[in-house]
Amino acid sequence: MADILIYAEQMDGKFRRAAFEAVNKGKEIATALGGRAIALVVGSGIVDIAKTLGAYGADKVLTVDNPVLKDFTVSGHGKAVAEVAKKINPAVVMCAATATGKDLAPAVAALLNAGVAGDCTGVEVQDGKVSVVRPVFAGKTYESVQFKTDIAVISIRPNVFQVGSVEQSKEAPVEDAGVTVEAGDVKESVKEVVATSSGMVELTEADVIVSGGRGMKGSENFAIIEELAVTLNAAVGASRSAVDEGWRPHSDQVGQTGKTVSPQLYIACGISGAIQHLAGMRTSKCIVAVNKDPEAPIFQIADYGIVGDLFEIVPAMNEEIKKII
Amino acid sequence: MKSIVCVKRVPDTEAKIVIQGTGIEKSGFDYVLNPYDEYAIEQAVQVKEKEGGEVTVLSIGPKDTATQIRKALSVGVDKAVLLTSDINGLDSSATAEMLTNELKDMEFDIIFFGKQAVDGDNGSVGVQVAQKLGLPVVAKIVEFELNGKTATVTREIEGAKEVVEVTLPAVFTAEKGLNEPRYPKLPDIMKAKKKPLEQKEVAAVESKTTVVKMEYPPSRPAGRIVGKGVEAVSELVKLLKEEAKVV
Ligand SMILES: Cc1cc2nc3c(=O)[nH]c(=O)nc-3n(C[C@H](O)[C@H](O)[C@H](O)COP(=O)(O)OP(=O)(O)OC[C@H]3O[C@@H](n4cnc5c(N)ncnc54)[C@H](O)[C@@H]3O)c2cc1C
Ligand SMILES: Nc1ncnc2c1ncn2[C@@H]1O[C@H](COP(=O)(O)O)[C@@H](O)[C@H]1O
Numbered sequence: 001m002a003d004i005l006i007y008a009e010q011m012d013g014k015f016r017r018a019a020f021e022a023v024n025k026g027k028e029i030a031t032a033l034g035g036r037a038i039a040l041v042v043g044s045g046i047v048d049i050a051k052t053l054g055a056y057g058a059d060k061v062l063t064v065d066n067p068v069l070k071d072f073t074v075s076g077h078g079k080a081v082a083e084v085a086k087k088i089n090p091a092v093v094m095c096a097a098t099a100t101g102k103d104l105a106p107a108v109a110a111l112l113n114a115g116v117a118g119d120c121t122g123v124e125v126q127d128g129k130v131s132v133v134r135p136v137f138a139g140k141t142y143e144s145v146q147f148k149t150d151i152a153v154i155s156i157r158p159n160v161f162q163v164g165s166v167e168q169s170k171e172a173p174v175e176d177a178g179v180t181v182e183a184g185d186v187k188e189s190v191k192e193v194v195a196t197s198s199g200m201v202e203l204t205e206a207d208v209i210v211s212g213g214r215g216m217k218g219s220e221n222f223a224i225i226e227e228l229a230v231t232l233n234a235a236v237g238a239s240r241s242a243v244d245e246g247w248r249p250h251s252d253q254v255g256q257t258g259k260t261v262s263p264q265l266y267i268a269c270g271i272s273g274a275i276q277h278l279a280g281m282r283t284s285k286c287i288v289a290v291n292k293d294p295e296a297p298i299f300q301i302a303d304y305g306i307v308g309d310l311f312e313i314v315p316a317m318n319e320e321i322k323k324i325i
Numbered sequence: 001m002k003s004i005v006c007v008k009r010v011p012d013t014e015a016k017i018v019i020q021g022t023g024i025e026k027s028g029f030d031y032v033l034n035p036y037d038e039y040a041i042e043q044a045v046q047v048k049e050k051e052g053g054e055v056t057v058l059s060i061g062p063k064d065t066a067t068q069i070r071k072a073l074s075v076g077v078d079k080a081v082l083l084t085s086d087i088n089g090l091d092s093s094a095t096a097e098m099l100t101n102e103l104k105d106m107e108f109d110i111i112f113f114g115k116q117a118v119d120g121d122n123g124s125v126g127v128q129v130a131q132k133l134g135l136p137v138v139a140k141i142v143e144f145e146l147n148g149k150t151a152t153v154t155r156e157i158e159g160a161k162e163v164v165e166v167t168l169p170a171v172f173t174a175e176k177g178l179n180e181p182r183y184p185k186l187p188d189i190m191k192a193k194k195k196p197l198e199q200k201e202v203a204a205v206e207s208k209t210t211v212v213k214m215e216y217p218p219s220r221p222a223g224r225i226v227g228k229g230v231e232a233v234s235e236l237v238k239l240l241k242e243e244a245k246v247v
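Protein sequence lines, in the order shown, are assigned to chains A and B.
To convert, note that position 230 of the first sequence is 230 in the working numbering; the numbers rise steadily by one, no gaps.
To convert, note that position 54 of the second sequence is 54 in the working numbering; the numbers rise steadily by one, no gaps.
No lab work stands behind these hints: they were computed from the structure.
As the structure is a prediction and not an experimental result, all values here were calculated from the model.
Hints may contain errors.
[What the hints assert, rightly or not] Below, a list of computed lysine to any residue pairs in the SDA-like style, where the Cα atoms sit at most 20 Å apart: (1) Lys238(B) / Pro218(B); (2) Lys191(A) / Val163(B); (3) Lys322(A) / Ala222(B); (4) Lys323(A) / Glu243(B); (5) Lys292(A) / Ala316(A); (6) Lys228(B) / Thr141(A); (7) Lys238(B) / Val136(A); (8) Lys238(B) / Lys14(A); (9) Lys285(A) / Leu83(B); (10) Lys132(B) / Gly184(A); (11) Lys27(A) / Lys217(A); (12) Lys104(B) / Glu198(B); (13) Lys217(A) / Lys191(A); (14) Lys285(A) / Lys104(B); (15) Lys213(B) / Gly35(A); (16) Lys129(A) / Lys14(A); (17) Lys322(A) / Asp64(B); (18) Lys238(B) / Lys27(A); (19) Lys161(B) / Ala195(A); (20) Lys322(A) / Glu156(B); (21) Lys323(A) / Ser234(B); (22) Lys285(A) / Val246(B); (23) Lys104(B) / Asp65(A); (24) Lys245(B) / Ile49(A); (25) Lys26(B) / Val136(A); (26) Lys14(A) / Glu156(B); (27) Lys241(B) / Gly184(A).
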C-alpha cells in the first residue's frame with residue numbers, strides 16, 4: 001500500500017501547528033504515491049479533536065485513545081504508532097520534528113525495523129519512491145536519502161512546510177485504530193509538566209524571532225529585545241555567549257548546540273554570526289542583522305543589515321514597526 | 001552504579017566541510033568528541049562520584065578515535081571499549097544495531113548518549129538502542145537526579161518542561177544545559193594514558209538508508225547593508241514591509 005501514516009502531535013487536546021504542516025505534507029506525498037493520508041492521534045480524550053484534521057488534508061483519522069497515553073512517552077506513543085503501522089503497512093510514517101517528534105521517529109523506526117531520517121527539509125516522490133533532503137554538519141551540507149526498507153520513517157522540520165489551504169468545514173472520518181497499549185508498556189512516567197514559555201511565543205514555532213548576543217552586554221538589556229518581540233508577536237532567542245553569560249536560559253539558545261529555527265523573520269542583535277550560530281538559523285526566510293561592526297560575519301548571511309549601536313537601533317525599530325502594524 | 005556512555009568522534013564544529021561524492025572529504029580539520037557526548041560523560045562521572053561504581057565509554061569508529069577516547073578517560077571515565085569499524089555510510093539504524101550487540105553483553109545500570117552527533121545530526125541512535133534493548137528512555141534531558149533505582153529527569157519540549165521518572169536500567173540522551181563538563185587536569189591526562197582501552201574490530205552492519213546525493217545549501221541571495229545608525233531604521237522597516245513582506 002502507498003498510504004502515508006501521519007502522527008498528529010497534540011498536547012492537552014490541542015494540535016501543534018507543526019502537526020497540521022505534517023498532515024498537509026503527508027497528503028501531498030500520498031497523492032503523489034496514489035495512496036491515502038491517514039492521520040493518527042494518540043492520547044487520552046482526543047477523539048473529538050481528531051475529525052478536525054480533515055480540514056488539513058487527512059483522508060481518514062485513526063485514534064489510539066487511552067489514559068495511559070495521556071502524556072507523550074517514547075515507549076507508550078512509540079508502541080501505539082508502531083502497532084498501527086504494522087496494521088496498515090504504510091509507505092511512510094511521518095511526524096513533525098518537534099522535541100517530541102524527534103524522539104518518536106527513531107523509536108518507531110527501531111520497532112518496525114525501518115530506515116529513519118530526521119528533521120527533513122525536503123520530501124520528494126520520484127518513480128513511486130520517497131526520498132528526503134536533510135541538513136547535515138549543522139547545515140553546511142544537505143544530504144538526499146533513500147530508504148531500503150518498505151516503510152520509511154521521517155520527521156519534518158517545523159516551519160519549513162506549509163499548513164496549506166484549510167477547508168474548515170471538511171471533517172475526516174474517525175476510526176479507533178484498534179491497538180492495545182497497556183500500562184505495563186509505558187516505561188517512563190511523566191510526573192509533571194511545567195509551562196516555561198510564560199505567554200511568549202515558543203522559539204521553534206515562532207514566525208518571527210528577535211535574538212540577542214554578547215553585544216547585549218547584560219541580562220537587563222534584553223528588555224529592549226523583549227519589547228520589540230512583543231510588538232512583532234515574536235519569540236526571543238539568544239546566542240550561546242548570551243546563554244553562557246547567564247543572561248538567558250539554555251532553552252533560548254539558537255545554533256548548533258541549541259535550537260534550530262526557521263522563522264519568516266530572524267532579527268539578530270549584537271550577534272557576530274559564528275558558524276555555530278548560523279547553523280541554527282540559516283534557513284530563516286528573512287534575516288536582519290544589527291551590529292556595530294561592519295565586518296561581522298552575520299552581515300554575509302543577512303538579507304538586510306544596519307551598522308550601528310543596537311541600544312539606539314532596536315528601540316527605534318520598535319517605534320517604527322509600531323507605526324505600521 | 002555502572003554507567004556506559006556511547007561517544008562518537010565528529011569533525012570540529014568550526015570545520016570547513018568539503019563534499020566528496022555523496023560524502024565529505026575526511027581531512028583538513030580536527031576531530032573532537034561530539035559536544036553533546038561531553039554532557040553525557042560529565043553526568044555519568046557525577047553519578048559515579050556520588051554513588052560509587054564505574055563509567056565505561058563505548059565508541060564505534062576508526063582506530064584514531066582513541067585520541068578522543070583518551071580525552072574522555074581524562075575527565076573521570078574509568079575504561080573504554082572502541083569497536084573499530086569503517087563508519088562511512090553507516091546510518092543511525094546500523095550504528096544502533098552494532099552498539100546494541102555490544103551492550104547486550106555489558107553490565108550497566110544506565111546508558112548515556114548525546115542528544116545528537118553533530119556530523120549526521122540524526123538525534124536517533126540513543127532512542128533506537130533503548131528500543132532494541134527494551135529499556136525506558138528519556139531523550140534530551142537537562143536535569144538528572146538519582147534516588148536509589150529511580151531516576152528523575154527533566155526533558156524540555158516546546159513551551160514546557162516535563163519531569164519524568166524511570167526505574168533503572170534506563171537510557172538517557174544529554175542536552176546542553178544538563179551540566180558543565182569539566183576540563184581535564186594535567187595529572188589526569190597523564191593517568192588517562194594508563195587507563196584500559198580495549199579495541200576490537202567489528203563488521204559493519206547494513207544500513208537501512210542510502211545517501212544518494214550531497215549538496216551545499218542553496219545560496220542565499222546577497223544581502224545588503226541598509227545603512228548606518230538610527231537613520232536607517234525607517235528604510236529597513238519599509239523594506240521589511242514592502243519588499244520582504246515579513247511585517
Ligand atoms: C561546540 C560549539 C558549539 C557552539 N554552539 C553554539 C550555538 O549553538 N549557538 C551559538 O550562538 N553559538 C555557539 N557556539 C559559540 C560560537 O562559536 C560563538 O562563540 C558565539 O555564537 C558568539 O556569540 P555572540 O555572537 O553573541 O558573541 P560575539 O561573537 O562576542 O559577538 C558579539 C557581537 O556584538 C556586536 N556588538 C557589541 N556591542 C554592540 C552594540 N552596542 N551594538 C551593536 N552590536 C554590538 C559585536 O560587534 C559582535 O559582532 C558554539 C561553539 C562551539 C565550540
Ligand atoms: N559511532 C558511534 N559510536 C558510539 N556512539 C555513537 C556513535 N554514533 C552515535 N553515537 C551516540 O548516539 C548519539 C546520537 O547520535 P546520532 O543519532 O547519530 O545523532 C551520540 O551523541 C552518541 O552518544
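Hint-by-hint comparison with the structure:
Restraint check for Lys238(B) and Pro218(B): the C-alpha separation of about 26 Å exceeds 20 Å, so the hint is violated. Restraint check for Lys191(A) and Val163(B): satisfied, since their Cα atoms lie roughly 5 Å apart, inside the 20 Å limit. Using a Cα cut-off of 20 Å, the hinted pair Lys322(A) and Ala222(B) is violated, with the two alpha carbons roughly 28 Å apart. Under the criterion of a C-alpha separation no larger than 20 Å, the hint pairing Lys323(A) with Glu243(B) is consistent with the structure, at around 17 Å.
Taken as a hint, the Lys292(A) and Ala316(A) pair is honoured in the structure, with Cα atoms around 15 Å apart against an allowance of 20 Å. Pair hint Lys228(B) plus Thr141(A) does not hold up; C-alpha atoms about 33 Å apart against a cutoff of 20 Å. The suggested pairing of Lys238(B) with Val136(A) is violated, with an alpha-carbon distance near 35 Å, which exceeds 20 Å. With a C-alpha separation of about 36 Å, the suggested pairing of Lys238(B) with Lys14(A) is violated against the 20 Å cut-off.
Only pairs whose Cα atoms come within 20 Å are accepted, and Lys285(A) paired with Leu83(B) is rejected, the gap being roughly 42 Å. Distance restraint check for Lys132(B) and Gly184(A): the Cα-Cα separation of roughly 17 Å lies within the 20 Å cut-off, and the hinted pair is therefore satisfied. For the suggested pair Lys27(A) and Lys217(A), the alpha carbons sit about 47 Å apart, so the restraint of at most 20 Å is broken. At roughly 17 Å between alpha-carbon atoms, Lys104(B) and Glu198(B) fall within 20 Å of each other, so this suggested pair holds.
With a CA separation close to 38 Å, the supplied pair Lys217(A) and Lys191(A) exceeds the 20 Å bound. For the hint linking Lys285(A) to Lys104(B), the alpha-carbon distance of about 46 Å lies beyond 20 Å, and the restraint is violated. Between Lys213(B) and Gly35(A) the CA atoms are separated by roughly 27 Å; this puts the pair beyond 20 Å, and the hint is violated. A distance of roughly 33 Å separates the Cα atoms of Lys129(A) and Lys14(A); the hinted pair therefore is violated under the 20 Å criterion.
Proposed proximity of Lys322(A) and Asp64(B) is contradicted: the alpha carbons are some 57 Å apart, above 20 Å. For the hint pairing Lys238(B) with Lys27(A), the CA-to-CA distance comes to about 37 Å; that exceeds 20 Å, so the pair is violated. Restraint check for Lys161(B) and Ala195(A): the C-alpha separation of about 6 Å stays at or below 20 Å, so the hint holds. Straight-line distance between C-alpha atoms of Lys322(A) and Glu156(B) comes to about 33 Å, which puts the hinted pair past the 20 Å bound.
For the given pair, Lys323(A) sits about 10 Å from Ser234(B) by alpha-carbon distance, which is consistent with the 20 Å threshold. A distance of roughly 9 Å separates the Cα atoms of Lys285(A) and Val246(B); the hinted pair therefore holds under the 20 Å criterion. At roughly 34 Å between alpha-carbon atoms, Lys104(B) and Asp65(A) are farther apart than 20 Å, so this suggested pair is violated. Note on Lys245(B) and Ile49(A): the hinted pairing is violated, with a Cα-Cα distance of about 33 Å set against a maximum of 20 Å.
Restraint check for Lys26(B) and Val136(A): satisfied, since their Cα atoms lie roughly 15 Å apart, inside the 20 Å limit. Annotation: proposed proximity of Lys14(A) to Glu156(B) holds, straight-line Cα distance about 18 Å (limit 20 Å). A threshold of 20 Å between alpha carbons decides the hint, and for Lys241(B) with Gly184(A) the separation of about 55 Å lies outside it, so the pair is violated.
Hint violations for this structure: numbers 1, 3, 6, 7, 8, 9, 11, 13, 14, 15, 16, 17, 18, 20, 23, 24, 27, all remaining hints satisfied.
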